[in-house]
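Peer 1: Below are the chains, spelled out letter by letter.
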Amino acid sequence: MKNKILFFFFCVFSIGLISFSIQSDPELIEFVAPKKWPKPVYNFPKNPLTEEGFQLGRKLFYDPILSRDSTISCASCHLQYTGFTHVDHAVSHGIEGRKGTRNSPVLINLAWNSTFHWDGGVNNLEVQGINPIKHPAEMDNSLEEVIRRLSISETYPALFKKAFGSTEINTASIMKALTQYTVSLVSSNSKYDQIRRKEKGIVFTDQEKNGLKLFQAHCASCHKEPLFTTTFFANNGLKIDSLLNDVGRYSITQQPKDSMQFKIPTLRNIEFTFPYMHDGRFRKLKDVINYYSDGINTKDKHLSSQLLTPMNFNEMQKKDLLAFLLTLTDKTFLYDKRFSFPK
Amino acid sequence: MKGFLLFCLIFIHVHIVGQEKKSIQFVPFFNNLPLELGKKYVLNDSTWFEFSTCRFYVSNLSFLNEGKLKQKVNEFYLLDLDEPSSLLIDIQNNQFDQVSFSIGIDSTTNVAGILDGALDPINGMYWAWNSGYINFKLEGTSSQSTEKNKSFEFHLGGYLAPYQTIQTVHLPIRNNSNDILIGFEILAFMKEIDFKKSSNVMIPGSNAVQLSSILPSIFTVLSNEK
Numbered sequence: 000m001k002n003k004i005l006f007f008f009f010c011v012f013s014i015g016l017i018s019f020s021i022q023s024d025p026e027l028i029e030f031v032a033p034k035k036w037p038k039p040v041y042n043f044p045k046n047p048l049t050e051e052g053f054q055l056g057r058k059l060f061y062d063p064i065l066s067r068d069s070t071i072s073c074a075s076c077h078l079q080y081t082g083f084t085h086v087d088h089a090v091s092h093g094i095e096g097r098k099g100t101r102n103s104p105v106l107i108n109l110a111w112n113s114t115f116h117w118d119g120g121v122n123n124l125e126v127q128g129i130n131p132i133k134h135p136a137e138m139d140n141s142l143e144e145v146i147r148r149l150s151i152s153e154t155y156p157a158l159f160k161k162a163f164g165s166t167e168i169n170t171a172s173i174m175k176a177l178t179q180y181t182v183s184l185v186s187s188n189s190k191y192d193q194i195r196r197k198e199k200g201i202v203f204t205d206q207e208k209n210g211l212k213l214f215q216a217h218c219a220s221c222h223k224e225p226l227f228t229t230t231f232f233a234n235n236g237l238k239i240d241s242l243l244n245d246v247g248r249y250s251i252t253q254q255p256k257d258s259m260q261f262k263i264p265t266l267r268n269i270e271f272t273f274p275y276m277h278d279g280r281f282r283k284l285k286d287v288i289n290y291y292s293d294g295i296n297t298k299d300k301h302l303s304s305q306l307l308t309p310m311n312f313n314e315m316q317k318k319d320l321l322a323f324l325l326t327l328t329d330k331t332f333l334y335d336k337r338f339s340f341p342k
Numbered sequence: 000m001k002g003f004l005l006f007c008l009i010f011i012h013v014h015i016v017g018q019e020k021k022s023i024q025f026v027p028f029f030n031n032l033p034l035e036l037g038k039k040y041v042l043n044d045s046t047w048f049e050f051s052t053c054r055f056y057v058s059n060l061s062f063l064n065e066g067k068l069k070q071k072v073n074e075f076y077l078l079d080l081d082e083p084s085s086l087l088i089d090i091q092n093n094q095f096d097q098v099s100f101s102i103g104i105d106s107t108t109n110v111a112g113i114l115d116g117a118l119d120p121i122n123g124m125y126w127a128w129n130s131g132y133i134n135f136k137l138e139g140t141s142s143q144s145t146e147k148n149k150s151f152e153f154h155l156g157g158y159l160a161p162y163q164t165i166q167t168v169h170l171p172i173r174n175n176s177n178d179i180l181i182g183f184e185i186l187a188f189m190k191e192i193d194f195k196k197s198s199n200v201m202i203p204g205s206n207a208v209q210l211s212s213i214l215p216s217i218f219t220v221l222s223n224e225k
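For the record, the sequence lines run as chains W and A. Per numbering that gives the first Met the number 0, the very first residue in the first sequence carries number 0; after that it's consecutive. Per numbering that gives the first Met the number 0, the very first residue in the second sequence carries number 0; after that it's consecutive.
So that you can see chain A by itself, here it is in the shape it has in the complex (with noise of 0.2 Å):
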């Protein structure tokens, strides 16, 4: 039901902004069809997932135009599964063919002291004992997970080296008079996971570094043609 809500919303959106503003739309799938938190997809007789949080921080977002940057917007979005509108981002209406963005937190960011709106310690994305913020979290429940109740939590962060976690999206646009659907595929992160080794990641280290650099991979740009 949220899914379709979301590609309701998508749809009027479109509609009613126009050209004057633009908007990136990040749409979550878990093999090809829409992600729902609590629902539970079965890939078959013996795998299935059910997802309970899905966010992570999209940073550095940026527009490029036959390589040169156009426009980089200072902000920092905290996309979330449970709130469909912090997965819509508006933009400006310039001409570009490349957009890139982070998925995370830059280190200076990390080591600036107490900050507020996205980067409230209170959105539960921040690690008091080890300061600093998870980039990226994905928890739920899993045929796969070797937890005795099935759980699994992968909070993915860390920014001193050699464990530095942020990961840099590229992604190429090929018609840009419209607004810009970005698909991430959780399946395709699921599938690079070895749950024997873990089912939980939850402290910077060589396991978040590993997962994280999946990160990237799993974001392609939808058709966004008229």
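The shape of chain W in the complex, shown without the other chains (with noise of 0.2 Å):
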């Protein structure tokens, strides 16, 4: 009896062994930072980049199925050809064209930001992707729902199981899966950064090199290189809009020193992420170059000490401006393959 029993374990132990070696590790991919630019912020060991993982983030990323209704996807407000923001939209439109109150971000080289939205409010990637969820104006989901969903559905287990070695969904495995994508989307192929790394043949015309030196002289300490952030807040002067009362870093420190303090976005692919600013009131990026040339109130007590001297641009250098902008268009990352639509 006693050696039937043993049998018996003896059989479940290798049955056990064969099944866990047959389950294949996922993929490890290293997250390499383009040279010379500082360490990213991530904390890549607590949620290690996979293929699998990358790709199940992936799919979640393009899938209707996180919102209430299914009819948007995150993809929705941030389209890759845009520079993953909601071209064309001063806010964007949640499930039944629900209304937000602000420009829909966009996701570039987020491995270097330690706060996300435009207050500052979220404080780690990983738990960023709870928000639209959640929002009654954007997905209108809860988390429970998602993860339900999920369950049965006939791909994503599988995927999951691939991915973080269990078949079981729960809210670490869906937001580290959607992190391991959004972590990825790294934009430095631009013109500047070509020239920056001396590629051969490619230099800036006269008047992109007059708008780089402008540009390091009146806007760099905030859009600092080679981010074009500095990744901190700021107050920009813009008046408040009424409707909005949208008083930015505030509502999340209550610290008046905060008020209409909002997050420095970065400006690469800025030729293709209008409309600009927190509530996107600027259609165009000229708009934008004559607001912060002449159209700042520099009496406002509270306005970003880098911005108490008026610039008052000329003509021909709000357009050696321009043409700096534009150098920072990175065509390779706004179609690359990997981050589309998973076919």
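Take these hints with a grain of salt, some might be off.
Here are the computed distance ranges between Cβ atoms for each label pair [said to hold, decoys possible]: (1) Asn-148(A) - Asp-293(W): 25 to 33 Å; (2) Asn-148(A) - Ser-304(W): 42 to 50 Å; (3) Ser-205(A) - Lys-238(W): 52 to 60 Å; (4) Lys-98(W) - Glu-82(A): 50 to 58 Å; (5) Asn-64(A) - Ile-64(W): 52 to 60 Å; (6) Ser-304(W) - Asn-73(A): 54 to 62 Å; (7) His-134(W) - Glu-82(A): 24 to 32 Å; (8) Val-31(W) - Glu-74(A): 32 to 40 Å; (9) Lys-190(A) - Lys-238(W): 25 to 33 Å.
Heads up, simulated DSS-like pairs for lysine-lysine below, C-alpha to C-alpha not over 30 Å straight-line [unchecked claim]: (10) Lys-133(W) - Lys-136(A); (11) Lys-35(W) - Lys-197(W); (12) Lys-67(A) - Lys-149(A); (13) Lys-256(W) - Lys-38(A); (14) Lys-238(W) - Lys-298(W); (15) Lys-38(A) - Lys-71(A); (16) Lys-149(A) - Lys-133(W); (17) Lys-212(W) - Lys-133(W); (18) Lys-223(W) - Lys-34(W); (19) Lys-133(W) - Lys-147(A); (20) Lys-71(A) - Lys-195(A); (21) Lys-45(W) - Lys-71(A); (22) Lys-196(A) - Lys-256(W); (23) Lys-212(W) - Lys-190(W); (24) Lys-98(W) - Lys-147(A).
These are calculated hints, taken from the structure and not from any lab test. Here the structure is a predicted model, which is why all the values come from computation and not from measurement. Think of the CB as a built atom: it goes at the ideal place given N, C-alpha and C, for glycine as much as any other residue.
Given two chains presented individually in distinct reference frames, assemble the corresponding complex, making use of the accompanying hints.
Peer 2: Put into structure tokens, the structure is as follows:
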């Protein structure tokens, strides 16, 4: 009897061992930061990038299953061809055409950011995705419902098993997968980058060169190279929209000094990310340049100190600056098939 | 009824577990009566309270003896009055004369990204728009509320300076040969609230800090003499 029991356990153990060895480990991907860039701040060891995790995150990003009525996906407001923002929309709309209050931010070089949203209310990329899923004006869903739908789907449990070793789907595995995709959205192959890397035959035009000088003198302290943002917050003097009544970072910190401060956005791919500012009030890049040049009320007590001296560019300078900004367009990134709708 | 079951549970537990393992049992009170959710507590002709939700995090559970740290448990516990078993924490049978713990979640954990178990945002103790944990959640209705439907909601949390809300509780233990019973008196918390100023606190800030600072004083060790 004893032998039989032992044999039984031996069989169970062997089968377990065999199935364990069949289950292959996910394929690790190394996140390579572009040369001479700062170190990424995202904690990769906590959520190691794998091909399976990235592909699962990509599938989730493009899947409307996340929204309550299955009509919109992350990609609805974050389109790759426009730097992962909602082009031509001052503010975005969620399910049933419900309108939000802020311009959809670009998803570019997120690995270097430790705060997210225009007010910086989100403190880690991994927890960012909870917001659009739950927000009534966005996907208006619950985490419970998302987990339920994914768990009973035909495809997802197997994909989660491949990526994270278990068919059991939970908040953490969903968010980690989404993060593996969004953290991989690195744009570093614009004309600007190619020149910085001294690639053969690529040079700035005179106009772009003049623009770069103006940029470095007047813009770069907030839109710091090479990320084109310090990732911090600033008050750029925009008057509050009395309908939206958005006080920016103050709503997170409750500190008066943070009133009307918004996150400094990257300027990478700015050619395609219109409209501009936290509420999308400027439709054209030239409106933005005009605002910074001549439109700021420099008597505003809370204005960022960098903006106290009016820039007052002449028409030529404005054109130069615009020409430089267009060198930040990275078509490799905008058309990278690896980031596009998974077929 | 729930309160009675709870006390039965403690009684049985104390007798089954014996000397090998011990536990800490958190026992909720309102005005010296066992606190039950969904029950109306009338203090006088014009004052009453009823609670629908009471949940909070306990972390940094530590045991000290003669001022020296004997053991620190790296675990986060979500205590929920709706789930009596969550109020019971198994501990090692060490010699100690003081127990300390935090009400809430430390700042490092608040910025650590997605976490699971007790810290899964699905537990309803997490703010997504202003990333961070709700340390202490108390909801219900009361004659004191200035809201039309007499509701009150206190979601206390926040880890950013100067509005940190995590609290530490130190309790002396006179006799640690038995299980430890720690009572918390919700009336002591409600008494300190100026309902005219705030029937609802749902964001980090000065109100959350002020209300959180009341919390350590509501915990006491119940007599655990044999």
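Peer 1: If a hint holds in the structure, say so; if it doesn't, say that too.
Peer 2: Taking the hints in turn, this is what the structure says about them:
For the pair Asn-148(A) and Asp-293(W), the supplied restraint of 25 to 33 Å is violated, since their beta-carbon distance comes to about 52 Å. Here the CB-CB span from Asn-148(A) to Ser-304(W) is close to 48 Å, well matched to the stated 42 to 50 Å. Ser-205(A) and Lys-238(W) have their C-beta atoms about 28 Å apart, which leaves the hinted 52 to 60 Å range violated. Taking the beta carbon of each, Lys-98(W) and Glu-82(A) are about 39 Å apart, not inside 50 to 58 Å as hinted.
With their beta carbons about 54 Å apart, Asn-64(A) and Ile-64(W) fall inside the hinted range of 52 to 60 Å. One distance hint, 54 to 62 Å for the beta-carbon pair Ser-304(W) and Asn-73(A), is violated here, with the actual separation near 44 Å. Our hint of 24 to 32 Å for His-134(W) and Glu-82(A) holds, since their Cβ atoms are close to 28 Å apart. Separation of Val-31(W) from Glu-74(A) is about 37 Å and conforms to the stated range, judged on CB atoms against 32 to 40 Å.
Checked against the hint of 25 to 33 Å, the C-beta distance between Lys-190(A) and Lys-238(W) comes to roughly 45 Å, which is inconsistent with it. Proposed proximity of Lys-133(W) and Lys-136(A) is supported: the alpha carbons are some 20 Å apart, at most 30 Å. This hinted pair checks out: Lys-35(W) and Lys-197(W) have alpha carbons roughly 13 Å apart, not beyond 30 Å. Between Lys-67(A) and Lys-149(A) the alpha-carbon distance is near 47 Å, which puts this suggested pair outside the 30 Å criterion.
A hinted pair counts as satisfied when its Cα atoms are at most 30 Å apart, and Lys-256(W) with Lys-38(A) does not qualify at roughly 45 Å. A threshold of 30 Å between alpha carbons decides the hint, and for Lys-238(W) with Lys-298(W) the separation of about 12 Å falls inside it, so the pair holds. Taking the CA atoms of Lys-38(A) and Lys-71(A), the gap is about 36 Å. The hint is violated against a cut of 30 Å. A threshold of 30 Å between alpha carbons decides the hint, and for Lys-149(A) with Lys-133(W) the separation of about 27 Å falls inside it, so the pair holds.
Proposed proximity of Lys-212(W) and Lys-133(W) is contradicted: the alpha carbons are some 44 Å apart, above 30 Å. Note on Lys-223(W) and Lys-34(W): the hinted pairing holds, with a Cα-Cα distance of about 16 Å set against a maximum of 30 Å. In summary, the hint linking Lys-133(W) to Lys-147(A) is supported, as the alpha carbons are separated by about 27 Å, within the 30 Å threshold. At roughly 41 Å between alpha-carbon atoms, Lys-71(A) and Lys-195(A) are farther apart than 30 Å, so this suggested pair is violated.
Proximity of Lys-45(W) to Lys-71(A) is assessed by CA-CA distance (about 24 Å); at most 30 Å being required, the pair is judged to hold. Pair hint Lys-196(A) plus Lys-256(W) holds up; C-alpha atoms about 24 Å apart against a cutoff of 30 Å. A C-alpha spacing of about 16 Å is found between Lys-212(W) and Lys-190(W), which places the hinted pair at or below 30 Å, so the restraint holds. Straight-line distance between C-alpha atoms of Lys-98(W) and Lys-147(A) comes to about 29 Å, which keeps the hinted pair within the 30 Å bound.
Hints 1, 3, 4, 6, 9, 12, 13, 15, 17 and 20, counting from the list given before, are not met by this structure.
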